[in-house]
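2 protein chains.
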Amino acid sequence: MSQYQAPLNDIYFNLFSVWQLDRYWQQQPQLSEQLEIDTARAILEEAAKICEQQIAPYAAAADKRGAQLQDGTVSLPEHYYTAYQSLAEGGWTGLSGDAEYGGMGMPKALSMMVDEMLCSADIAFSLYPGLTAGACVALLQHADDATKALYLPKMYSGEWSGTMCLTEAHAGSDLGIMRTTAKPNTDDSYAISGSKIFITAGEHDLTSNIIHLVLAKLPDAPAGSRGISLFLVPKYLPADNAEPGERNKVTVGSIEHKMGINGSATCVLNFDDATGYLIGEPNRGLACMFTMMNYERLSMGSQGLGAAERAYQNAVSYAKERLQGRISEKDANKAEPIIGHADVRRMLLNIKAMNEAGRTFATWVASLLDKAKYDNCPVSAQRANLLTPIAKAFMTDQGFDACVTAQQVFGGHGYIKEWGMEQLVRDVRIAQIYEGTNGIQAADFMLRKVAADKGDALISLLNEISAEIAEVPQAGSVLLAEYINELQQLTGELLAQDFRAQSANACDYLAAVSYVLYGYMWYKNLCALDSAEVSDSFKHAKHITAAYYFARVLPKAKGLFAVLSEDTAGIDSLSPDYF
Amino acid sequence: MSQYQAPLNDIYFNLFSVWQLDRYWQQQPQLSEQLEIDTARAILEEAAKICEQQIAPYAAAADKRGAQLQDGTVSLPEHYYTAYQSLAEGGWTGLSGDAEYGGMGMPKALSMMVDEMLCSADIAFSLYPGLTAGACVALLQHADDATKALYLPKMYSGEWSGTMCLTEAHAGSDLGIMRTTAKPNTDDSYAISGSKIFITAGEHDLTSNIIHLVLAKLPDAPAGSRGISLFLVPKYLPADNAEPGERNKVTVGSIEHKMGINGSATCVLNFDDATGYLIGEPNRGLACMFTMMNYERLSMGSQGLGAAERAYQNAVSYAKERLQGRISEKDANKAEPIIGHADVRRMLLNIKAMNEAGRTFATWVASLLDKAKYDNCPVSAQRANLLTPIAKAFMTDQGFDACVTAQQVFGGHGYIKEWGMEQLVRDVRIAQIYEGTNGIQAADFMLRKVAADKGDALISLLNEISAEIAEVPQAGSVLLAEYINELQQLTGELLAQDFRAQSANACDYLAAVSYVLYGYMWYKNLCALDSAEVSDSFKHAKHITAAYYFARVLPKAKGLFAVLSEDTAGIDSLSPDYF
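Residue numbers (UniProt numbering), protein chains in the order written: chain D, 1 to 579; chain P, 1 to 579.
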């Protein structure tokens, strides 16, 4: 496998040219002192070094060794300990953490770039700091001051890590039927009992304590998802000196044997009257957890993009070195690099066009989250909400496809473990499933984000884009405008449908919208090129790839439009027995 | 994982109603005596039993244990030995073998159904009889009588097995640059030297001898692919009594660690002056091997279909049992089977619609191969040639997608090994790669099968179909006719393109043609329903699924049409350094 190189040039281009976030950052009182453009570059360069040198080269070894359960604790691949130490020492574990509690207070748009690099290096490893960061977001927003003061500094510093404990064996997408209970103790704590499965980083010895955020039901809880509360359950109860004290009654039952991300300890956790503390209001746990979930969902997109970026780099490197076949009729015994073959170029350009649009898209969503936070801007918040399911579902679907396509470039070697391509496919596959399956994301998008507000958020966004590309057209803008028109018309038709038809259309609709918005991302890339301080070759490649996207990728949306224009009545015509 | 049940009803429907092959078989002097419809059913039922009971339940164990190399030989999962024994004793290993040499002489359309069942049960296992059958086809067609008499009976009986040794480390799709040499010995044999990789079933102790078919170059061979000859290299040289004698100088160097099909011994084989016998004419080895490859390519399609069928059965079973969420607003603490959810139905119907069309398609191709053989019919042979790359590429691409989609139905459980879904994804992935990657198949289809004869074979087929559906229309026929028209027009445009543009369009074009032909398959299913002796529920499900295909699957071709209508100039605009 080739050496991973963080795509810093494209990252800088997105941050500073496409979305001009350096200017935005300078306008923020919370950020302006510390976040000069050079600081941002330095942060990203250092993160890149850790990913490139300490994590990426050992991802295959981590996959092979995996997480291992023995005597009630889980040990991890050896280099995870040193790499995690490096991350913690450099402040990366608290990169986006609140400065009041010891975090670095960096914007999401920046930390998201680090997420991507970590995921390129090793998705399984990235989950340890990733889950911790997510747990911190939930605590920061919903915990009381004392709890925040006790836990957040330890978690930002990387001393302690975090988890989210939602799923039970019988309750996955449907959390309302969960059975884990929380009974009030005589003090202000609760006794948590139940069994949770699929708990990422649920048990390990990477950190001296693990802070579980657990969903459970109070004795008098209403039925269903409105009766779920959120509890903080530390592995070790903090002693008076804030160091890990008494062992809490949460134990690991087993670890799952999975298709991939083998370095990640995916645990069954058993809570047996474990001591927990209520976070937020009673019965509002799902809303609190969704604070974390929304944060995580963009990070899922980064998993798709990160894996796809690494897969792309490997495939390009292989395609340049592998000699096979002749492009023109020359010496029959002499082969040429396969990157000359049209079909190999097609595969690579497909990946490249999707990856770069995906990076621009993720930066967009992250910047909207930042604007919602720093400017308290409701439009940005609404737009981030609208785009989050796309970031999760489309970016992971495309990430998976990209890894499969890149594996295909390797021919038979792609199927052999030593080349690393099959691991990328196995690892990234989970991102389409966890944190809400992509089907759940599509339903969220179609039903809650589009239908529930009668399409206002989406239509107003599409109108803005139409106006923008009409005012300053770029290559491909005429075509893009046509697709936007068609999408708007189709959206009107879907809005008139009943819940059942909308549910049946959700997945294809999410993809159709995504292709169009990725077209807008390429438009934004083109707009930024004129004034960007980038090399001519960078500009040239962007122009070519944009043209490729408009000619050879965007038209795929026509198939989705055609599907969505057809009747869905058949979806309910077959009784379960006839399947 | 649910118990695998061979889809015998749909198999019978395809053989006896859709393609009415029982009538055709009765007209064949070579077949009529032995192949009554009841005989065919009995053969398929017995094969189903072996697959269902002796192979399918242990596929996960075979994956876990894998093939293991020790002391120069490879041992296999324990039940492979007994299952193989059952296959051999029942005559399955020689099912399609020539009766003159001890085979059962059954038509391809029948043996292909057994292939599908074996692949549903365990793709890795299926390769041992599969490669042997392929090797026998090549020997039957190209070896001299003495060689056939010596080897074929042993191979048909399952005592000996076969391999095909093509790939070298530096020579995969481009066999012309291979380095393995064949030097004439003083007798009629040759000394074969070189190293071959990715040799399926290259070494094992399942059979008492292994017959390698090896491509190598004679000393005076012309350069490139026109200088390759085919040699038979037995692991043990047959003694005078035809039993395995002296050990030949072919040894296993290592076995590959792969993404899946772990029960298959994928070997590096080293030939060190191994004794080989020329098969066919000198320097015509590639043509001889392609006899085998074409046979194998339809079998690859069966791998895609077989895995997809099993994935579908598992997903349906899970979707009926898994309780999650409510379809209507009822008790918030009570969940309903997820098969009620529109998006789950969408996933299942997508798979079902593709699988059943795929089975009809594979039966069609097999019947064309049979007609080419028994009737010596050039039109059938040409049509089989035209459709073979589709059977290989589209059926395996769809098979992979089906397994991924079925895995998605399981949510998080789909990612856990014990449910078996991730194994299906890992196993079937290879079918898109080996026996000529799907990119190679697309090039073969676009350039050799369509462009080289100016589209005659395809256009005449499409014209026939148009006439047929116009004469006896069925539900969906109007839409299908439109798609055929659009495809014909598009084909005309592609025929006018240069080699480079055609190469860039090949993959999408193959898929576009396939969607249309699958529409024709659903048409054929509908046509057969009226007179078929099938249950009302079978008919009902076919009508619903056909309608689903026309409304929700076929329109995907619109996206491909749109891509293919666009310029491909960009494909060559980016220099390798800019990727």
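Rather than coming from a laboratory, the hints here were simulated on the basis of the structure. Incorrect hints may have been included.
[What the hints assert, rightly or not] Covered stretches of chain D, as calculated for chain P (at least 3 residues, CB under 8 Å):
| id | stretch |
| --- | --- |
| 1 | 164 to 177 |
| 2 | 246 to 260 |
| 3 | 340 to 351 |
| 4 | 427 to 434 |
Quick reminder that beta carbons are idealized off the backbone N, C-alpha and C, glycines included.
Quick rundown of the hints versus the structure:
1. 164 to 177: Holds, because 8 residues of the stretch 164 to 177 of chain D bring their Cβ atoms closer than 8 Å to Cβ atoms of chain P.
2. 246 to 260: holds (count 5)
3. 340 to 351: holds (count 10)
4. 427 to 434: holds (count 5)
Checked against the numbered hints listed earlier, the structure breaks none of them; every hint is satisfied.
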